[in-house]
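**Student:** For reference, the chains in residue letters:
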Amino acid sequence: MSVALVTVSRREILQPKMVKIYVMGREYLVPEGLTIHKALEYAGFRLIRGVGCRGGFCGACATLYRKPGEYKLRIALACQNVVEDGMYLVVLPYTPIPRVKYKLESLKPDVGLVLKLYPEIARCVACNTCTKACPQGLQVMDAIQAIKRGDLAKAADLTFDCIACGICSMRCPAEIRHANIFHLVRRIYGKYMSPKPRHLEDRIKEIEQGKYREELEKLKQASVDELKKLYASRVIEPEE
Amino acid sequence: MINVKMLYYPGCTVKRNALEYEKKTLEILSKIGIEVYELDNWYCCGAFYSLAKDDLMKHISGLRTLIKAQVQARKHGTNKLLTLCPMCYNVLKRVNHMLRENPENLDTLALFMDEEEKYTIGIEVLHLLEVLRDNIDKLKRLVVTEVKDVVVAPYYGCTVLRPREIAFDNAENPEVMDNILRALKIEVIEFPFKTECCGAYQSVFNRKIVFEKSGEILEEAAVRGANIIAVICPLCKYNLETTLLSLGKKLRIEIVYLTDLLSRATGP
Amino acid sequence: MSMCGYPSEIKKLIKYVEETREERLKKPYRRLSLEEREKLLKEWHPDYKPGTKRPLRVGVCKGTVVYNEVADLLEAWPLIDPDQIDLSKVDYDVDVLVIGSGGAGLAAALWAIYSGVSPDAVLLVTKLRLGDSNTVKAQGGIQAADRPEDSPILHFIDTVGGGLFANKRDLVEALVTDMPFIMKWLEDLGAMFDKNPDGSYVEVSGGGACRRRLHCARDYTGLEILRVLREEFLNHDVPYLEFTPAIELLTDPEDGGVSGAVLYNLETGEYYVASAKAVIIATGGAGRLHIAGFPTSNHYGATMDGVVMGYRVGANIVHLDTFQFHPTGVAFPEAIRGELITEKCRSLGAQLVNVHGEQFIHQLETRDVVSSAIIKECAEGRGIITPTGAMGVWLDMPMIDMLRGPGTIKKALPAMYRQFIRHGIDITQEPVLTYPTLHYQNGGIEIDVFSRVLRPNGEPIPRLLAAGEVGGGVHGRNRLMGNSLAGILVFGRRAGITAAKTVKETSTRPKLSLKHLEKYIEELKSIGVPRERRSPILLPDYRGEKVLLRSLRIF
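Just so you know, the protein sequences line up as chains A, B and C, in that order. According to the numbering used here, the stretch in the first sequence is residues 24 to 263, in order. According to the numbering used here, the stretch in the second sequence is residues 21 to 288, in order. According to the numbering used here, the stretch in the third sequence is residues 91 to 645, in order.
No wet-lab data here; the hints were simulated from the structure. Keep in mind that a hint or two might mislead.
Claimed, not checked - Here are some chain A residues pointing at chain C (derived, C-beta under 10 Å):
1) L207
2) K214
3) P220
4) V258
We put the beta carbon where it would ideally sit given N, CA and C, even for glycine.
For reference, chain A alone in the conformation it holds in the complex (with noise of 0.2 Å):
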């Protein structure tokens, strides 16, 4: 069988489309297709603030944007989204949203418990600005509702997928610290309202037992082929 593979020229590989960023205000020319990140880091940039996991995980690079002629402020992760002819754009180097301290064990899984440690949540009007300004695309409105209505679980199930970059608290107009208010919730659920595991608390008895010290022993004296023919021997469980 053959198969056509793609061939691209060297050329297009060493001279790529530019476009024009402006980079909190100055112009900047960078290759297309680039990250947010790469391409400051292209115009000269080393970056120490508004960067952190670069996958999309630890929140560290949110980024606001315009684009020529338009109102619509646009927001960004600078490690994953990539650049846009004409954008003007700023990574946030931090975004303030001080936490409220609290004893996780002495807590009640009480709706009124969020409203006493942030009671900002009762300014909500339902704008809905921060669910437009959430890079993961949660539903965040919903899950400030959510606790409102006293649905932890819903809420904590909503805004799993936060990344706490704080574009949305940046955003609201009720002046709401979501992120610190969402790990709040979930830790609640985790705690008080998940089901308990099963067969965890078994499993750590029969280790401080001593069921399995005698062979782990054995185990860590054996040769290599002691060892190498166990491994060969194992028999793997199938897939659910």
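Position chains B and C relative to chain A; hints supplied.
**Tutor:** For chains B and C alone, coordinates are given in the frame of chain A:
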């Protein structure tokens, strides 16, 4: 019996502090043939109706709830939206009214809420009292026991009757609750304080005002021989009860949701 | 362009994957024997490629072979001139200094506190923000043998076999026996793992594991663990400094043990002196060194600082001639090349397929083996070439929904779905292009079961502990999926407990010096290391060449 369908908006306070009110109410409604569908993933109503004419933002919450109701109305085939909490009733009905009177406001809000479908102002916001009033004959037929040793002062609070454009009864001297109770053969007193303010949200800022206002209501009810004050609002109930507690054991009076009394009369 | 998806030339090739899908769904691919695995590794794994490594010429492990990029860091000048640092003024005088704020650092700090150290006697320093680490990028899961069908014994055998039998076995024993307890701890802290309605964990298979043992939190497992630990850490009010890496350890000349560190404010350029009775290195891995020229799945700060500092005070180095190349890095789109496609995709059934639509390896072989197989396919012309000239094979993602029901991908792999849909590729419909990416530092500075850092003679270096990816021994020459999150918490916890004990046993504050650098600097001079080669590098430098050539330092 042909069942009537209604969408139901509970609101935060009912779900948080008045589950018994909700339970008894839904039981009664079911007995008189009303099928209730709680809105999925409902939002806060907005809690207050904002009086600032140039601040439409404050009405978004109410409008969103109405749009949610509009979407779910199609599914259930009803445009009636039932509320229990007078605050929710007040906000939702006023927002509905304001949009009907000022369609340009709806246009402005729709521009902002480009992610939602347009509201066609077709939802009818109802309070529980209206629904009970319209089904008074059915209620009568349900009575199984006489509720004895009970003298009730009906207490309406403010927000189901004010302002005039959303009221379903005379704001100065409402009779709806009186009539419902009487129809169920429950003794009701003449109670001039039935629409006095209980102190409302002053419970958060200045309890003294609540104690003063609610104290007057309680004393007047007691003087007139009532041993129960019937209420329809979780906040009124809370204020009257905390005031009662602050008075020690002086007054032998109980604060009870209207539907609790109805449930006593109509049996389990 | 953000939403463009595959170019048409590549899109055309997808039909070959679709043509064989039905057949592949029915017939499981055979697993390799130990001999076949060994052969594949020797021929194709980057660890066996000649010209990529050299023996060290300085320090306590002279002669030990490591990757060139590692040797370059260890054979480099310190960032500071010892004479310029004023050690008489101590800025932070604490009991426990924790360096690093990933899972290991946070676990260590918490367990030091649980073990009696006062929170305000702890100082945690971190190079970027609190929690910026590889931990947050760990997607697939964490291994703990808790099901009745499973046991710590099987976890042990899987781990040692996966590590090519080079693991320190007492560390593996600690790993497998602590893990059920660690899961309990995470439960108590309110971490949300995927569970069935009856409370049992949803557990899937990891590569090289003989039981379903992988506990996950969608595909944000590391993020969930880290944010819970961070919340708990913040609730304890522990002092911490962000954007302030440690750049050199301090030693007490009397016993050669560690007594603190020189810290550096990345934003102001100011240095600080921290004195401590116990120092815990939890600095993570080294992906940003781009070992053997590979792209990496690691976070921005993964630059091996901890190994550099530890080696200079005499730590033994193990297994730094082997790195983990995760089989499934992103090969296309170019913008996110090297980022991870979690192994959980393969746990859930996605198969690896070449340009002809043929499966060429069982998807759940160990990572080193799968990577070797992919490299082989591409080298022998059965890969797909991307528009930027990168190569890759297909990972057949749509199979997951076919095997486990529609909606599985969006529910179990939301991060993966997002990562690709942002670039116009819908993984519920289309396969993705993948190629190995530099993922994990298998070895590091050697530790014992108490997380104490050891010298080459096996003696612990007084008051120096290490946990997490920086520590070497537990994973042998290849780590199993789900054992890294396990490792950071097991040894982070042990480091915290040992630190508390060390603090109790250390009545007088150890003296501060940079004496250990004297001999090291002599050796650097003797082999003629160029002055501009300095370490730790703290952050990679990706600035454009054009800019660097014209860069003036006048301000």
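**Student:** Taking the hints in turn, state whether each one holds.
**Tutor:** Quick rundown of the hints versus the structure:
Here the hint on L207 of chain A is kept, as its CB sits about 8 Å from the closest CB of chain C, short of 10 Å. Using the Cβ-Cβ criterion of 10 Å, the hint placing K214 of chain A at the interface with chain C is satisfied: the shortest such distance is roughly 4 Å. Checking P220 of chain A against chain C: minimum C-beta separation of about 6 Å stays under 10 Å; hint holds. This hint holds: V258 of chain A has a C-beta 7 Å from the nearest C-beta of chain C, less than the 10 Å allowed.
Violated hints for the displayed structure: none, as all numbered hints are satisfied.
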